[in-house]
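Construct the entire structure; sequences and hints are all you get.
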Amino acid sequence: MLGGRDDRIALVDAATGERITYGALRARVAERAVALRPAAGPAGIGVAFAGNDVATIVELYAALATGVPIALLDRQLDDRRARAWIERYRPEVVTGRAFGGPLPRGGAAPHRDLALLLSTSGTLGSPRMVRLAGAAVEANARAIAEALAIGPDEIAVTSLPLAYAYGLSIVTSHLAAGATVVVTAESVVSERFWRACRDHGVTSLAGVPYTYEMLRRVELTRVAPPTLRTLTQAGGALAPAQIRHFHAIAAARGGGLIVMYGQTEATARISVLPASELPARAGAVGRAIPGGAIAIAPDGGEIVFRGPSVMMGYAGGRDDLARGDELGGELWTGDRGVLDRDGLLWITGRSRRIAKVFGQRIDLDELEAIARALAGTSAVAAIARGDRVRVFVEAGSAATAIDTRALAEATGLHGRGFELVELPVLPRLASGKLDYQALAEAP
Amino acid sequence: MTANEAKLQAAFREALELAPDHDVTALAFRTIRAWDSVGHMQLIAAIEAAFDLMLDADDVLALTSYATAREIVARHGVAL
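Same order as they appear, the protein sequences are chains A and B.
In terms of this note's numbering, the first sequence has 72 at position 72, counting the first letter as 1, and numbering is strictly consecutive.
In terms of this note's numbering, the second sequence has 58 at position 58, counting the first letter as 1, and numbering is strictly consecutive.
Some hints could be false.
[Unchecked claim] From the derived model, a few chain B residues whose C-beta atoms are all more than 10 Å from chain A:
1) 3
2) 15
3) 22
4) 24
5) 29
6) 32
7) 33
8) 37
9) 39
10) 42
11) 62
12) 65
13) 71
14) 72
15) 78
16) 80
[To be verified] Restraint ranges, calculated between C-beta atoms of paired labels, are given here:
17) B/74 - A/199: 49 to 55 Å
18) B/62 - A/24: 51 to 57 Å
19) A/38 - B/21: 49 to 55 Å
I should point out that these hints are in silico values taken from the structure, not numbers from a laboratory.
C-beta: ideal position from N, C-alpha, C; glycine also.
Written out as structure tokens, the structure is:
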């Protein structure tokens, strides 16, 4: 998993300027591993409240090295959700966050293949986790390194949260390839982020669509160092005009924009569109990563991915960690797509009700449950609208303690990501189910 | 406090979803949870709307506190 020669630089800590060689990183990982195994016990698990820092990366690799399954949760998760997660999974080792008082710990022994637990809902803090085998994590890291032709001279930067599959894969793919990762908790709207990129000669930058919105605003060509020539994009559809815009910027520097499609359920990435296909194929998400295969189900058009990076299954709590592989390397993605005559995948629809609020994934069904609790009525519906969510509430509902601020507080998202609409009565189908089509057309 | 200063403070409160009596004059980027990168973009938009101006890329990066926000809007000709 750590592919560099001992004397090469693995990590640069942007906060301190410290340059950590692969040799030094291996030593730190080994040292932590020695403490982690006895702390976890023979059948324990760990959780790391992940920040974009060196300690989180050491914790992850130490866990992978010793075979202690580790869950990554965002350090920004609020206290209530963090505790609720811990009550369900009872981890033996908790790092990256301090809790007052003892925590519930100990439970079912995890399956021997289990290595990593990632959340799919991110900030909503749903307890549902994706179970990944160590072999899947390694296969995906190597496949990405190969598809992106990451060589030892590449220098990436942690532009996305490490608890997020795509953000994590920046680290795992570059370290598998013996390349360098600049570790920073700063964001692309911060001058400090760009200073780190300049000081350490960053060559590639990864972003979700919202990152690219911010990059437009700060004018990438003005802030980026001349070394930056590769851009990667995943985590939702970027408009074709934006794809062409950013590809042109990267191409002028001798590189390009690489568009990808992925899911946490497949460790991170499923397909890659080589920059050479742009700008002609703007909107496509490319071909399966090496070792993987994409098929379209004849009935319904669902994208089916097969490969070594497919998850073992989901977990809802500690007992589920004992379960083995339930998917056999085949993932029904829930998304629909078509393959063109050159074998390029185009996404045509997402059947899961997932919205993006300012670049963050949120499950609309989970959001409805939260809004129902706040509104004190079940007559609530949530739909995606641009990069916001419209929440419909039937007027005259009982004690409506619901407003955008309450929603923001309950979800940990920005209140401006929500629009509340009161309707006298919510449109319903004959079956009594909410008519989402009519709601989507509401003014 | 001038009307423009009150307007600037209102823009901060609106963009960062703070209570009407929240003192914003000591705020800085990432010192409160709401002022993360998403909040930052909201704040930029709110200031632009409040004073009907266009902030450039340097402004977006330089606006890291209430104090720098004051300087930036002043540079755009807003009397505070």
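Here is how each hint holds up against the structure:
1. 3: holds, 24 Å
2. 15: Non-interface label fails for residue 15 of chain B: nearest chain A Cβ at 8 Å, not farther than 10 Å.
3. 22: Given that every Cβ of chain A is farther than 10 Å from that of residue 22 of chain B, nearest at about 13 Å, it holds.
4. 24: holds, 16 Å
5. 29: violated, 7 Å
6. 32: Given a closest Cβ separation of 12 Å, the condition holds.
7. 33: violated, 7 Å
8. 37: The claim is violated: residue 37 of chain B sits with its nearest Cβ about 4 Å from chain A, within 10 Å.
9. 39: violated, 7 Å
10. 42: violated, 6 Å
11. 62: violated, 7 Å
12. 65: holds, 12 Å
13. 71: holds, 15 Å
14. 72: holds, 13 Å
15. 78: holds, 20 Å
16. 80: holds, 23 Å
17. B/74 - A/199: 49 to 55 Å: Violated, at about 31 Å.
18. B/62 - A/24: 51 to 57 Å: Once the Cβ atoms are compared, 36 Å apart, the range 51 to 57 Å for residue 24 of chain A and residue 62 of chain B is violated.
19. A/38 - B/21: 49 to 55 Å: With Cβ atoms ~52 Å apart, the hint holds.
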